[in-house]
Amino acid sequence: MDIVSRGFSGRRSAEDAKLPPGQYLTTDFPVLSAGPTPHVPLDRWEFTINDGNQLLRKWDWESFRGLPSETITADLHCVTRWSKLGTAWEGVSLDTILAEVKTDASYALAHSYGDYTTNLPLKDLRNKQAWIAFRFDGKDLAPEHGGPARLLVPHLYLWKSAKWVRGITLMQQDKPGFWEGLGYHIYGDPWKEQRYSGDE
Amino acid sequence: MWRVGTVVALHDETATARTITLEVPDWPGHIAGQHVDVRVTAPDGYSAVRSYSIASAPNSDARVELTVERLPNGEVSPYLTHEVVAGDRLELRGPIGGWFVWRTEQTEPVQLIAGGSGIVPLMAMIRSRASAGNKSQFRLLYSVREPGAIFYRDELQTLSHDKCSVGVTYAYTRKSPKDWPRPPGRIDAALIATATWPSAFAPTCYVCGPTSFVEGATDLLIAFGIKRDKIRTERFGSTGERK
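Protein sequences, first through last, are from chains A and B.
Mapping the first sequence onto the numbering used here, position 165 (from 1) lands on 165, and the numbers just tick up by one.
Mapping the second sequence onto the numbering used here, position 95 (from 1) lands on 1095, and the numbers just tick up by one.
Note that these hints are calculated values from the structure, not bench results.
Do not take every clue at face value.
[Said to hold, decoys possible] Here are the simulated SDA-like pairs of lysine to any residue, each with C-alpha atoms no more than 25 Å apart in a straight line:
id, chain 1, residue 1, chain 2, residue 2
1, A, Lys18, B, Ala1042
2, A, Lys192, B, Pro1210
3, A, Lys175, B, Arg1039
4, B, Lys1230, A, Asp124
5, B, Lys1230, A, Lys102
6, B, Lys1227, A, Leu42
7, B, Lys1230, A, Lys84
8, A, Lys102, A, Lys192
9, A, Lys102, A, Lys139
10, A, Lys84, B, Ala1042
11, A, Lys192, B, Trp1002
12, A, Lys102, A, Lys84
13, A, Lys18, B, Gly1098
14, A, Lys192, B, Met1001
15, B, Lys1227, A, Lys123
16, A, Lys84, B, Val1049
17, A, Lys102, A, Asp60
18, B, Lys1227, A, Arg166
19, A, Lys192, A, Lys139
20, B, Lys1227, A, Lys102
21, A, Lys84, B, Ile1222
22, B, Lys1227, A, Ala105
23, A, Lys175, B, Pro1210
24, B, Lys1230, A, Trp59
25, A, Lys18, B, Thr1041
26, A, Lys123, A, Glu46
27, B, Lys1230, A, Glu90
28, A, Lys192, B, Gly1098
29, B, Lys1230, A, Lys18
30, A, Lys18, B, Lys1227
31, A, Lys128, A, Leu182
32, B, Lys1227, A, Arg11
33, B, Lys1227, A, Glu90
34, B, Lys1227, A, Ala34
35, A, Lys84, B, Asp1088
36, A, Lys175, B, Arg1232
37, A, Lys139, B, Gly1216
38, B, Lys1227, A, Lys139
39, A, Lys84, B, Pro1210
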């Protein structure tokens, strides 16, 4: 049962209807990171896919940028409660990245420069739901927002869209990543408000 | 799970920031550095939730202090800093966060770097150290716009006069006190070199403030030789509603 806050009227907007529960709209682009921002030179950047034992695929920046890319318009929902609507990105679809990968794995652990990790069901990376994004708003992605390239999985809370992504490990069993091991939800669907472990 | 906290005290830290002391009967306890979600609800059922850092040390008397900075265009912070009076009830969820925390079992040197209201979770660490009788070596580098923007001024002053306690260095970005040796400006390499633990001490560093502040300070720490994995950060964007 909510307690009514004496004297609070709040600010409603027409955009609220487009927001998942408990979110508010922002027009700027806040930054959330657990540590220092890595600065990754493009000539040392690489992106790999492995299954925990074996390297399956590997790209350097040039071969990665040689892959077909797409423009993406996405609504972003951060677990810290801000949402930003209609953001414009360019990136390579994970469908393209995973096209030649044969696996019976059900889960993925994305890992990043700076040692961040986050876990997702592999099916959430397929079917036009996830990208490795390298441009935001028409510009190369800034380091504080995850550049040179970040995962973009907009249907989940934004911590799943790993900044500075450098690879994906395919797994048979789910394994919590960084925030998932520190009290945040294992899946993170903003529409079900799966913020913290214990949320249904 | 939402808990109900009753406002038992209010204290203005600066012209724009207020500390709210809440009594939360079923408070499960917290660790310094954690935050809470606060929910306020209008009569028609519309509600808004924001996260605020806990300023108080873990304690056994079910009290939680939050320091809230009023944002010019904020939805919740003007309410919390202007409207709320003692006896009002607020809904809280938490404590939240298991990364940007300092535990009383820690013994290594600690470097705290705060920009503006980023001091709040770091103050919880300083208070937690004091209340636990922990003897870890603490230093605080606190960047503020001007002297009037300092939170917890008297308490920090008392602490910095006690040699066994916390070394506090202020950095003023816009306006410094009279006769202050350093002209107003952002934290720079020279200040990091004089006011923070050398990398040989292997301090754990906690940096909290606006995004650009945290980016600048962490780059300086790394250039100064601090290992990346010793640096923990918490940033807030220009909306400022943490975190």
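Here is how each hint holds up against the structure:
1. Using a Cα cut-off of 25 Å, the hinted pair Lys18(A) and Ala1042(B) holds, with the two alpha carbons roughly 20 Å apart.
2. Only pairs whose Cα atoms come within 25 Å are accepted, and Lys192(A) paired with Pro1210(B) is rejected, the gap being roughly 30 Å.
3. Taking the CA atoms of Lys175(A) and Arg1039(B), the gap is near 32 Å; set against the 25 Å cutoff, the hint is violated.
4. For the suggested pair Lys1230(B) and Asp124(A), the alpha carbons sit about 33 Å apart, so the restraint of at most 25 Å is broken.
5. At roughly 38 Å between alpha-carbon atoms, Lys1230(B) and Lys102(A) are farther apart than 25 Å, so this suggested pair is violated.
6. With a C-alpha separation of about 22 Å, the suggested pairing of Lys1227(B) with Leu42(A) holds against the 25 Å cut-off.
7. At roughly 31 Å between alpha-carbon atoms, Lys1230(B) and Lys84(A) are farther apart than 25 Å, so this suggested pair is violated.
8. For a cut-off of 25 Å, the pair hint linking Lys102(A) to Lys192(A) is broken: about 32 Å separates their Cα positions.
9. Between Lys102(A) and Lys139(A), the direct Cα distance comes to roughly 34 Å. Violation of the 25 Å bound is thereby established for this hinted pair.
10. Distance check on the hinted pair: Lys84(A) and Ala1042(B) sit about 24 Å apart at the alpha-carbon level, within 25 Å; holds.
11. The straight-line distance between the Cα atoms of Lys192(A) and Trp1002(B) is roughly 17 Å, inside the 25 Å bound, and the hint therefore holds.
12. Distance hint between Lys102(A) and Lys84(A) is unfulfilled; the C-alpha atoms sit about 35 Å from each other, more than 25 Å.
13. Among the hinted pairs, Lys18(A) with Gly1098(B) is inconsistent with the structure: their alpha-carbon atoms are about 31 Å apart, more than 25 Å.
14. A threshold of 25 Å between alpha carbons decides the hint, and for Lys192(A) with Met1001(B) the separation of about 15 Å falls inside it, so the pair holds.
15. Our distance criterion of 25 Å between C-alpha atoms is broken by Lys1227(B) and Lys123(A), whose separation comes to about 36 Å.
16. At most 25 Å may separate the alpha-carbon atoms for a hinted pair to count; Lys84(A) and Val1049(B) meet this at roughly 16 Å.
17. Under the criterion of a C-alpha separation no larger than 25 Å, the hint pairing Lys102(A) with Asp60(A) is consistent with the structure, at around 21 Å.
18. In summary, the hint linking Lys1227(B) to Arg166(A) is supported, as the alpha carbons are separated by about 20 Å, within the 25 Å threshold.
19. Proposed proximity of Lys192(A) and Lys139(A) is contradicted: the alpha carbons are some 32 Å apart, above 25 Å.
20. Restraint check for Lys1227(B) and Lys102(A): not satisfied, since their Cα atoms lie roughly 38 Å apart, outside the 25 Å limit.
21. For the hint pairing Lys84(A) with Ile1222(B), the CA-to-CA distance comes to about 31 Å; that exceeds 25 Å, so the pair is violated.
22. At roughly 35 Å between alpha-carbon atoms, Lys1227(B) and Ala105(A) are farther apart than 25 Å, so this suggested pair is violated.
23. As the CA atoms of Lys175(A) and Pro1210(B) are separated by approximately 32 Å, the hinted pair breaks the 25 Å bound.
24. Taking the CA atoms of Lys1230(B) and Trp59(A), the gap is near 30 Å; set against the 25 Å cutoff, the hint is violated.
25. Distance check on the hinted pair: Lys18(A) and Thr1041(B) sit about 20 Å apart at the alpha-carbon level, within 25 Å; holds.
26. With a CA separation close to 23 Å, the supplied pair Lys123(A) and Glu46(A) stays within the 25 Å bound.
27. The hinted pair formed by Lys1230(B) and Glu90(A) fails the criterion: a straight-line CA distance of about 33 Å is larger than 25 Å.
28. With a C-alpha separation of about 23 Å, the suggested pairing of Lys192(A) with Gly1098(B) holds against the 25 Å cut-off.
29. Distance restraint check for Lys1230(B) and Lys18(A): the Cα-Cα separation of roughly 40 Å exceeds the 25 Å cut-off, and the hinted pair is therefore not satisfied.
30. Of the pairs offered as hints, the one joining Lys18(A) and Lys1227(B) is violated, with about 42 Å between alpha carbons and a cut-off of 25 Å exceeded.
31. Our distance criterion of 25 Å between C-alpha atoms is broken by Lys128(A) and Leu182(A), whose separation comes to about 29 Å.
32. For the hint pairing Lys1227(B) with Arg11(A), the CA-to-CA distance comes to about 44 Å; that exceeds 25 Å, so the pair is violated.
33. This hinted pair does not check out: Lys1227(B) and Glu90(A) have alpha carbons roughly 33 Å apart, beyond 25 Å.
34. For the hint pairing Lys1227(B) with Ala34(A), the CA-to-CA distance comes to about 14 Å; that is within 25 Å, so the pair holds.
35. Restraint check: the Cα-Cα separation between Lys84(A) and Asp1088(B) comes to about 32 Å, which exceeds 25 Å; the hinted pair is violated.
36. Distance hint between Lys175(A) and Arg1232(B) is fulfilled; the C-alpha atoms sit about 23 Å from each other, no more than 25 Å.
37. Between Lys139(A) and Gly1216(B), the direct Cα distance comes to roughly 22 Å. Compliance with the 25 Å bound is thereby established for this hinted pair.
38. A C-alpha spacing of about 30 Å is found between Lys1227(B) and Lys139(A), which places the hinted pair above 25 Å, so the restraint is violated.
39. With a C-alpha separation of about 19 Å, the suggested pair Lys84(A) and Pro1210(B) falls inside the 25 Å cut-off, and the hint holds.
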